[in-house]
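S.K.: Following the hints, complete the assembly by docking chains Z, R and A onto the known chain W.
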Amino acid sequence: MTFTAEEVMTVAAARALVGRTSCFVGIGLPSTAANLARRLHAPDLVLVYESGAIGAKPARLPLSIGDGELAETADAVVSVPEIFNYWLQPGRIDVGFLSAAQLDRFGNLNTTVVGGDYRHPQTRLPGAGGAPEIAAACREVILIVRQSRRTFVERVDFVTSVGFGAGPGDRERLGLHGRGPGLVITDLGVLEPDPTSCELTLTRLHPGVDLAAVTAATGWRLAVAPELGVTPEPTADELAVLRDLVERSSR
Amino acid sequence: MTFTAEEVMTVAAARALVGRTSCFVGIGLPSTAANLARRLHAPDLVLVYESGAIGAKPARLPLSIGDGELAETADAVVSVPEIFNYWLQPGRIDVGFLSAAQLDRFGNLNTTVVGGDYRHPQTRLPGAGGAPEIAAACREVILIVRQSRRTFVERVDFVTSVGFGAGPGDRERLGLHGRGPGLVITDLGVLEPDPTSCELTLTRLHPGVDLAAVTAATGWRLAVAPELGVTPEPTADELAVLRDLVERSSR
Amino acid sequence: MAELVGLAEGIAALVHDGDTIALEGFTHLIPVAAGQEIIRQGRRDLTLARMTPDIVYDQMIGAGCARRLVFAWGGNPGVGSLHRLRDAVEHGWPAPLELEEHSHAGMANRYAAGASGLPFAVLRGYTGTDLVRHTTTLSTVTCPFTGEVLAAVPALNPDVAVIHAQRADRRGNVQLWGITGVQKEAVLAAKRSLVTVEEVVDALDRRPGAIVLPWWVVTAIAVTPGGARPSYAQGYYDRDNRYYRDWDAISRDRDSFTGWLDRHVVGVR
Amino acid sequence: MAELVGLAEGIAALVHDGDTIALEGFTHLIPVAAGQEIIRQGRRDLTLARMTPDIVYDQMIGAGCARRLVFAWGGNPGVGSLHRLRDAVEHGWPAPLELEEHSHAGMANRYAAGASGLPFAVLRGYTGTDLVRHTTTLSTVTCPFTGEVLAAVPALNPDVAVIHAQRADRRGNVQLWGITGVQKEAVLAAKRSLVTVEEVVDALDRRPGAIVLPWWVVTAIAVTPGGARPSYAQGYYDRDNRYYRDWDAISRDRDSFTGWLDRHVVGVR
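Just so you know, the sequences run in chain order W, Z, R and A.
Numbering-wise, this note's numbering puts 202 at position 118 of the first sequence, and it's gapless, one number per residue.
Numbering-wise, this note's numbering puts 151 at position 67 of the second sequence, and it's gapless, one number per residue.
Numbering-wise, this note's numbering puts 119 at position 108 of the third sequence, and it's gapless, one number per residue.
Numbering-wise, this note's numbering puts 80 at position 69 of the fourth sequence, and it's gapless, one number per residue.
The hints are simulated quantities; they were obtained by calculation from the structure and are not laboratory data.
Check each hint, because a few of them may be wrong.
[Claimed, not checked] Ranges of calculated distance between the beta carbons of each label pair, as one might list FRET restraints:
#: 1; chain 1: A; residue 1: Asp213; chain 2: R; residue 2: Arg265; range: 50 to 60 Å
#: 2; chain 1: R; residue 1: Arg256; chain 2: Z; residue 2: Ala324; range: 21 to 31 Å
#: 3; chain 1: R; residue 1: Asp249; chain 2: A; residue 2: His27; range: 23 to 33 Å
#: 4; chain 1: A; residue 1: Asp213; chain 2: R; residue 2: Ser267; range: 49 to 59 Å
#: 5; chain 1: R; residue 1: Asp213; chain 2: W; residue 2: Glu331; range: 53 to 63 Å
#: 6; chain 1: W; residue 1: Pro310; chain 2: A; residue 2: Ala106; range: 51 to 61 Å
#: 7; chain 1: W; residue 1: Glu156; chain 2: A; residue 2: Asp213; range: 21 to 31 Å
#: 8; chain 1: A; residue 1: His27; chain 2: W; residue 2: Arg263; range: 33 to 43 Å
#: 9; chain 1: R; residue 1: Tyr248; chain 2: Z; residue 2: Ala324; range: 27 to 37 Å
#: 10; chain 1: Z; residue 1: Ala143; chain 2: A; residue 2: Gly278; range: 30 to 40 Å
Glycine included, each C-beta is placed from N, C-alpha and C at the ideal position.
Here chain W stands alone, though its shape is the one from the complex (with noise of 0.2 Å):
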């Protein structure tokens, strides 16, 4: 069976919410994942949406966050200043789901601004939005980024979202109660953060990839797991559901 690297992409985010409770998720690929998860891996999965969706259960992916059937289909709706006081901040939310245009080796995150000054950039970013309270309160993070030099960069431009700051103890140091970013998932393989240096380090490669394209797509001197794995390619069931979901949504 044939699939793109998006398709493994969203497949392994999907596959990674295995297990947990909660989810608070974006647009674009974090929720075309946690809904893949919901329909596949996690049936009771609860997606929440910073809009006010609690338990949301659309049938297609939602254009934007805030959409009718994110609403109608919630256990229970409420306001942002309550999503974001109440349910993000004490840390009851499992997972955390975000991208970024830019993003360095301690998982610290940019969607503020690239190049120029902060005042005078070379390119605004939409900004911030949910994304510094998600990373800093969810009890883990999981990153969705496309991976390129582009992306993958020593030093992001803009801090607008702490992964690991400068490294080890600097969460704790900063006060931010969640555990940071477990897993980055690209579309060319995994990385994990080294449980001492803090540092993401590549742990598996998707299928068909090789290591010498991922060092080539990573801005600073990618460190690389002893045993690399092998991300299990996308079954026909998780492809056929995808793509459903997919095909469903652009209606």
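M.R.: Here is chains Z, R and A on its own, set in the frame of chain W:
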């Protein structure tokens, strides 16, 4: 037409609500007066109960501030944190109705302890409830208290809710945004704060009450306005509506 | 999460001697049956938190369950005093009762801070009152932008929150409507929670004014029809105003209270 | 309070040059028609506050209404960049745009503090991010009980809040349901408020998930059917996803944007 002292007091309180938009209501006499006002003098008056009912229109007088009819007839029902934070605290409510076991010449109220000391009181009263913040935040406060030397005391045993503190300027110094007690309605007459000294001054006698009875029921040297008015007698209509309300509620 | 239990079993598993517990319900949906089960199981040294201690706390205090009361208004609504509470405070019977006294606004914000994972909450309150001199869980904080000084209260995070709701579904989602008070905050602030419900239904249809506490934030649910009596459960039964009025005479005297307790609580089941 | 007005009349009366205004609606119920009326009336030097500036603010910024943007996330949801916002920030066209940048949690709490009559709000947020270095409306506060240091944000009290709701009754009570976002807080925090509604009805029947803003906290109501398009109004119409996708091409280029503005906004009425 005959009437009781309590009826005069209630009618006087209801009349005081003419021209007001909203009223924060506690249980007992304040609730009777506010509901009477809504039927007679101020049909658009918005009754706000600390249980979270905004714009309640009960047909009977509730025995508690959280009776089911309040929620069923309200324009909106909000949580208890919301009623205090979003509705009371910013000073949105015109009038707060309060009563107390003790009151002093500056309209400071005690509903906490009488006699002994705080840890070993002679009489333990219910405590603060919503009163301190009602007294602080409502644009104006109307007090309804049966007058006697036991309740109108030289010095309250415990300041549960602040009127004018120790006198002029104290509310401003304490950062209390509402104007404080504008009216004290008793079963004998009406007191209003002197514009300069803030001391509660007898401005009206209820029909048939003589001044000596009021001074005898006051635990301090009562200031009396130079032109002492008399409360107009309750009209037949006022009495009929009040008695109907009380009668329906006792069923 | 959201295990279906019997009431006795739920109390035994979740409420321990010495715990800080909050039975919430603002006039409506007061978890009286749960409170009486705590009495039956003989819990001791509890810190009882509640915005408006009313007859259920009066009964628990009179039965000797409590060491400390965290509260804002302790009366029999529309009737008068809580005589067991007063006897404990005024005469130390059946045991002395420590008081930690706040206003409604303060209590509500303490739960809200607890639910928000914050150590404290800021409000305009208490200023100029004598509560400032007697309540140690009260402080001030200065606005870093305006310099204004405001009241600060510490988060209240009970060991157990106990509430009563109209119903739950089979997954354990809890639905309540009408006056919903501070129950959401109490449950979210607590380490554990027990919800008694009128009934369990297959699915919760949406209801005007209803809030839902999802299954994954509730520890246990006990089906307890009438569990809020003599308070009321909107859509199920009305407030038993007569019980509240009668309580005044029953509770005024130690012997009559003890007799009532034996007959109606301890001896029941 | 809660006067029924025409949209043009309401904007003329309530929104003035130099005001701080908040058009809120979290994806749902975005007051787009009101925003375009502000463009038509040629308002200038506005401070635009909004958690998620999207196409309506892109249009207002491109039309030259704004001097400053107070926000958390400025993108075209599910599509990409806001090109007019970027052009203003990156190249100062049609005018430079000052940014006051927060997170969602920070913005939500700024409105909540504003609605609560508090000068600031406390949250866990921002720590370790570069927002701390660039956003002046950001500080810290120390818990007086635990010594923990937390983030503090100042209250946001706009001169005017503008929201769209499904309906109002003849007294001016406003009802909205579905995703209700931060609209209640925005209206309660603002000095004045304008609510556009799909319709006015004789009486508001209660609805699951609905909130009501009572007539006495709303300044003016303008019946504006379709006033949230291309966003959606639950129960009335769906989101026009195609408009959002098409906006990317229309807004990418100054000329095509200006032509669109003339044809679809300025020239309309």
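S.K.: If any of the earlier hints don't hold here, list their numbers in rising order.
M.R.: 3, 5, 8, 10
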